[in-house]
Amino acid sequence: MKKSSLWVLAALAAVLVAGCQNQRAPAEQAVASAESTLTGIRDAAMHYAPEQLQAVDAQLSGVKDSLSKGDYKAVLAAMPALNTAINNLRDTTTAKQQEVSAANDKAKDAWGPMSADVPKMVDAIQSRVDILSKSHHLPKGVTKDTLAAAKSGVDSMKTAWGAASKAATAGDYSTAVSQGQAIRDQASQVMQSLGMTSS
Amino acid sequence: MADEKNPAADNPYTQTHLVQSGDTLSKIAEKYYGDASLYTKIFQATRDVLSDPNKIRPGQKLRIP
Chain A
1 MKKSSLWVLA ALAAVLVAGC QNQRAPAEQA VASAESTLTG IRDAAMHYAP
51 EQLQAVDAQL SGVKDSLSKG DYKAVLAAMP ALNTAINNLR DTTTAKQQEV
101 SAANDKAKDA WGPMSADVPK MVDAIQSRVD ILSKSHHLPK GVTKDTLAAA
151 KSGVDSMKTA WGAASKAATA GDYSTAVSQG QAIRDQASQV MQSLGMTSS
Chain B
1001 MADEKNPAAD NPYTQTHLVQ SGDTLSKIAE KYYGDASLYT KIFQATRDVL
1051 SDPNKIRPGQ KLRIP
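Order-wise, the sequence lines are chains A and B.
My numbering applies: residue 1 is where the first sequence begins, and numbers increase by one.
My numbering applies: residue 1001 is where the second sequence begins, and numbers increase by one.
Keep in mind the hints are simulated off the structure, nothing from the lab.
The C-beta atom is built at its ideal place from N, Cα and C for all residues, glycine as well.
Treat the hints loosely; a few may be bogus.
Okay, the calculated bits of chain A under chain B, using three or more residues with CB under 8 Å as the criterion [to be verified]:
{"#": "1", "segment": "55-65"}
{"#": "2", "segment": "70-81"}
Listed next, the stretches of chain B that the computed footprint assigns to chain A, with coverage defined by at least 3 CB atoms under 8 Å from CB atoms of chain A [what the hints assert, rightly or not]:
{"#": "3", "segment": "1020-1026"}
{"#": "4", "segment": "1047-1057"}
Derived PhoX-like pairs (lysine-lysine); straight-line CA-CA distance at most 20 Å [what the hints assert, rightly or not]:
{"#": "5", "chain 1": "B", "residue 1": "K1027", "chain 2": "A", "residue 2": "K140"}
{"#": "6", "chain 1": "B", "residue 1": "K1031", "chain 2": "A", "residue 2": "K140"}
{"#": "7", "chain 1": "A", "residue 1": "K134", "chain 2": "B", "residue 2": "K1031"}
{"#": "8", "chain 1": "A", "residue 1": "K140", "chain 2": "A", "residue 2": "K158"}
{"#": "9", "chain 1": "B", "residue 1": "K1027", "chain 2": "B", "residue 2": "K1061"}
{"#": "10", "chain 1": "B", "residue 1": "K1027", "chain 2": "A", "residue 2": "K134"}
{"#": "11", "chain 1": "A", "residue 1": "K144", "chain 2": "B", "residue 2": "K1031"}
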């Protein structure tokens, strides 16, 4: 090879290396920025959009792999898609957070009357069960089995009500109302079985 | 849960009975409890309406705890 050709090759290699080095800092900075943004929303995303988070993590992992191999061009080429994915993840997480928060606010409104109402249903049943337990003959339509089921029903309703109240105290009104409604339904059935619904 | 002296009084879920002609507390107790001797339970829950368990009038609304 001629001496001049060697010089040309050396110059081209130098240009290439310089070019790569020029892309290294922006590539590293872009990955660090993306990681930082993702860290900021990770906990919420894990709760509200775990599958989407997993996909973004896979994307980030691929970009970091390119970075570790020194393929800065590939890193920079992949960044727009990764940033879009992170932004979409943040939007999804925020929307779901707002949705859950709105549902919880609505449940909180329902919990107020429910927390006064359901214990009174259970009290009324408890009172009737106590009296029927002292009766020598059960009224028409009520059997020993019905009464036994009502007794255990009262116990389970009280236990379930404790759990519902605990959820409300913790601020989880959606769970509290859902459990409270189940107790209300059970109480209605027990009242009906004991003939407490008609005068 | 509620622990007032007469919890049936302010409980909207306490059953009620509208007194008909010929009713007695014993008959009402028989109907709801299957045991006439438990009429005192109704009397205790309805002390604000009744002063004497032997004196009930048609149209009175009695609590059946």
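Here is what the structure says about each hint:
Interface restraint, the segment 55-65 of chain A with chain B: violated (0 residues with C-beta to C-beta distance below 8 Å; minimum three). Counting residues of the segment 70-81 of chain A whose beta carbon lies closer than 8 Å to any beta carbon of chain B gives 0, which falls below the threshold of three, so the coverage claim is violated. Here the segment 1020-1026 of chain B counts 0 residues with a CB under 8 Å from a CB of chain A, which misses the bar of 3, and the coverage is violated. With a cut-off of 8 Å between beta carbons, the segment 1047-1057 of chain B has 0 residues touching chain A; three or more are needed, and the interface restraint is violated.
Between B:K1027 and A:K140 the CA atoms are separated by roughly 13 Å; this keeps the pair inside 20 Å, and the hint holds. For the hint pairing B:K1031 with A:K140, the CA-to-CA distance comes to about 8 Å; that is within 20 Å, so the pair holds. Restraint check for A:K134 and B:K1031: satisfied, since their Cα atoms lie roughly 15 Å apart, inside the 20 Å limit. Our distance criterion of 20 Å between C-alpha atoms is broken by A:K140 and A:K158, whose separation comes to about 27 Å.
A distance of roughly 15 Å separates the Cα atoms of B:K1027 and B:K1061; the hinted pair therefore holds under the 20 Å criterion. Simply put, B:K1027 and A:K134 have alpha-carbon atoms about 17 Å apart, close enough for the 20 Å limit, and the pair holds. Distance restraint check for A:K144 and B:K1031: the Cα-Cα separation of roughly 16 Å lies within the 20 Å cut-off, and the hinted pair is therefore satisfied.
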